[in-house]
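S.K.: Chain by chain, the residues run as shown.
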Amino acid sequence: MASTDTTPFLDKREAAADTADVGAGLDALDSVSAQRSSLGEVLRQKALPPLIGVLVVIALWQGAYSLHLTSSYKLPSPADVWHSAQDLWYQGTLFSIIWTSVWRGLSGFLLAVVIGTPIGLVVARVRPVRTAIGPVLQGLQSLPSVAWVPAAVIWLGINDSMMYAVILLGAVPSIANGLVAGIDQVPPLFLRAGRTIGATGLAGARHVLIPAALPGYLAGLKQGWAFSWRSLMAAELVASSPDLGLGLGRYLENQREFSDMSGVLLGIVLILFVGIAIELLVFTPVERRVLRNRGLLAAVK
Amino acid sequence: MTPALTTSADAAGADARGAAPAVRISHVHKSFGRAGAQTHVLDDITLDVAPGEFVTLLGASGCGKSTLLNLVAGLDRPTRGSIEVPGGRPALMFQEHALFPWLTAGRNIELALKLAGVPRPERRAEAERLLELVRLKGSYGKRVHELSGGMRQRVAMARALAQGSKVLLMDEPFAALDAITRDVLHDEITRIWAERQLSVLFVTHNVREAVRLAQRVVLLSSRPGRVAREWRIDLPQPRRIESAGVADLSIEITEELRGEIRRHGQH
Numbered sequence: 027m028a029s030t031d032t033t034p035f036l037d038k039r040e041a042a043a044d045t046a047d048v049g050a051g052l053d054a055l056d057s058v059s060a061q062r063s064s065l066g067e068v069l070r071q072k073a074l075p076p077l078i079g080v081l082v083v084i085a086l087w088q089g090a091y092s093l094h095l096t097s098s099y100k101l102p103s104p105a106d107v108w109h110s111a112q113d114l115w116y117q118g119t120l121f122s123i124i125w126t127s128v129w130r131g132l133s134g135f136l137l138a139v140v141i142g143t144p145i146g147l148v149v150a151r152v153r154p155v156r157t158a159i160g161p162v163l164q165g166l167q168s169l170p171s172v173a174w175v176p177a178a179v180i181w182l183g184i185n186d187s188m189m190y191a192v193i194l195l196g197a198v199p200s201i202a203n204g205l206v207a208g209i210d211q212v213p214p215l216f217l218r219a220g221r222t223i224g225a226t227g228l229a230g231a232r233h234v235l236i237p238a239a240l241p242g243y244l245a246g247l248k249q250g251w252a253f254s255w256r257s258l259m260a261a262e263l264v265a266s267s268p269d270l271g272l273g274l275g276r277y278l279e280n281q282r283e284f285s286d287m288s289g290v291l292l293g294i295v296l297i298l299f300v301g302i303a304i305e306l307l308v309f310t311p312v313e314r315r316v317l318r319n320r321g322l323l324a325a326v327k
Numbered sequence: 004m005t006p007a008l009t010t011s012a013d014a015a016g017a018d019a020r021g022a023a024p025a026v027r028i029s030h031v032h033k034s035f036g037r038a039g040a041q042t043h044v045l046d047d048i049t050l051d052v053a054p055g056e057f058v059t060l061l062g063a064s065g066c067g068k069s070t071l072l073n074l075v076a077g078l079d080r081p082t083r084g085s086i087e088v089p090g091g092r093p094a095l096m097f098q099e100h101a102l103f104p105w106l107t108a109g110r111n112i113e114l115a116l117k118l119a120g121v122p123r124p125e126r127r128a129e130a131e132r133l134l135e136l137v138r139l140k141g142s143y144g145k146r147v148h149e150l151s152g153g154m155r156q157r158v159a160m161a162r163a164l165a166q167g168s169k170v171l172l173m174d175e176p177f178a179a180l181d182a183i184t185r186d187v188l189h190d191e192i193t194r195i196w197a198e199r200q201l202s203v204l205f206v207t208h209n210v211r212e213a214v215r216l217a218q219r220v221v222l223l224s225s226r227p228g229r230v231a232r233e234w235r236i237d238l239p240q241p242r243r244i245e246s247a248g249v250a251d252l253s254i255e256i257t258e259e260l261r262g263e264i265r266r267h268g269q270h
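Line order of the protein sequences matches chains A and B. Quick note, my numbering runs 26 ahead of the 1-based positions in the first sequence. Quick note, my numbering runs 3 ahead of the 1-based positions in the second sequence.
Next up, chain A with everything else stripped away, as it sits in the complex (with noise of 0.2 Å):
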């Protein structure tokens, strides 16, 4: 039904017909749809790649030992690590040193997102706030939070008020600068789009604003994450009282203070265990999912 100069207009229904049979093929053609590779290849392509990666540190790390490059009481091998972390299991102290550490810091960081958040609100949305406290809460992000132990401790002693301290005095800020880069990035045409369909006031915080946030505020609150994680072994090493109960921060202080070079290390490797865990658990899969949501994540898959 080729259009010609003398047959300019085709019958009514005939065209509505032919514009839906045109329509169905353009969607059909133009259409993407998401593929999901299977948990083999996931395995293969994410999994794999790490592991391969961990082996390849244990090696070398063997290979030096080995190799006598330094004394055994500096550097012990991969396998008297493992032994430290044999001796703590069958001690049946391992899993409460780390629980201790893990309660401290996830409830730690859940009290810092419920600061954080409001904080983030305000700032973001209100001028005069915002250029009051803007830049001082920026700043404080650069702040290491072991600068706050020695205050935290003047002012709380030692005990785990102090504790949640630090982790708050690190976490919040992260958690509100994230929140406000989230809210700075919502496209000003979804704002638009929400107050012609209605969504304005707090109906356009909760279904425009707040939603169209969350990918900063998630990378807000990762990074919270890992500074509550910081912030709490940061005071762990630092304080030291019997009151408090052995985590992991103090387990690695104490073997120092033992010169076991091995239960250094087996510290060392829980600490950067619990961050890693905690981020691929929680962390990952929201985030993943949100991104994928959004049809944002096809360029990193």
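Derived from the structure by calculation, the hints contain no laboratory data. These numbers were taken from a predicted model, which means no experiment stands behind them. A hint or two may mislead.
To be verified - Now the stretches of chain A that chain B is said to cover, found in silico as 3 or more residues with beta-carbon under 8 Å:
no., region
1, 44 to 53
2, 236 to 248
3, 305 to 311
4, 315 to 321
Claimed, not checked - Cut-off 16 Å, straight-line C-alpha distance, at most; resulting in silico cross-link-like pairs (EDC-like, lysine to aspartate or glutamate):
no., chain 1, residue 1, chain 2, residue 2
5, A, K248, A, E305
6, A, K100, A, E283
7, B, K117, B, E99
8, B, K140, A, D47
9, B, K117, B, E131
10, A, K248, A, E313
11, B, K140, A, D53
12, B, K145, A, D286
13, B, K145, B, E135
14, B, K145, A, D53
15, A, K100, A, D286
16, B, K140, B, E129
Just so you know, even glycine gets a beta-carbon here, dropped at the ideal spot from N, CA and C.
Chain B: place on chain A using the hints.
M.R.: Chain B in isolation, oriented as in the chain A frame:
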């Protein structure tokens, strides 16, 4: 449904009789900037859109056509003059689809329904109906990024219709689409406009598109925007953008538009 709804043929008559138009823009001025250093964007615009009428606003850049649409949509206020939309907040479509990527196609429509006060049990069925209207049956659960540009604009159209307004404002909604898709969407908007008896104010800088779609083409001059001339288009619908009738009128309007643009190069 409402007594204000008339067929397009007697809409022009209603206009003349002074019956309530769907959109009434009277002596609207808009300027930006501080007093003393103001830019006049719109100068004394008076324009009515009759119920059921399809009007395209045509102009070169700087004619303030998007500004005018924002004023009608209630996103901004005129400096002087008044804008009345008796049917309540009009629906607005942008050049970008502006769908929310954290919601599926269907949920985007449901959000508009929710904000328009449609009770929850009815939303799902209504969203499906609207998707069917824009020929996207079965796309309810699709994510925005899984849809092509043309499909996104159709979901955006469904979302706009979900607001329940009989007045649809469109700000170059097809400008970013390829020619074939745009052609199909011209047919679709013409069909939906007739089916739903909408009053449409459609902004474009594409003369042929304006002629293809409209019952009335309004040419705005630039800096400041003024109504320069109007054409009533009596070619029967559905039209084809390649047809001789559309082409002839487009040539005439383009001449006028070029004349408007030329004036700006002369001083």
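S.K.: Confirm or reject each hint.
M.R.: Cross-check of the supplied hints:
{"no.": "1", "hint": "44 to 53", "in the structure": "holds (count 7)"}
{"no.": "2", "hint": "236 to 248", "in the structure": "holds (count 3)"}
{"no.": "3", "hint": "305 to 311", "in the structure": "violated (count 0)"}
{"no.": "4", "hint": "315 to 321", "in the structure": "holds (count 4)"}
{"no.": "5", "hint": "K248/A - E305/A", "in the structure": "holds (7 Å)"}
{"no.": "6", "hint": "K100/A - E283/A", "in the structure": "holds (14 Å)"}
{"no.": "7", "hint": "K117/B - E99/B", "in the structure": "violated (22 Å)"}
{"no.": "8", "hint": "K140/B - D47/A", "in the structure": "holds (14 Å)"}
{"no.": "9", "hint": "K117/B - E131/B", "in the structure": "holds (14 Å)"}
{"no.": "10", "hint": "K248/A - E313/A", "in the structure": "holds (9 Å)"}
{"no.": "11", "hint": "K140/B - D53/A", "in the structure": "holds (12 Å)"}
{"no.": "12", "hint": "K145/B - D286/A", "in the structure": "violated (58 Å)"}
{"no.": "13", "hint": "K145/B - E135/B", "in the structure": "holds (14 Å)"}
{"no.": "14", "hint": "K145/B - D53/A", "in the structure": "holds (13 Å)"}
{"no.": "15", "hint": "K100/A - D286/A", "in the structure": "holds (9 Å)"}
{"no.": "16", "hint": "K140/B - E129/B", "in the structure": "holds (12 Å)"}
Going through the hint list in order, the structure does not satisfy hints 3, 7, 12.
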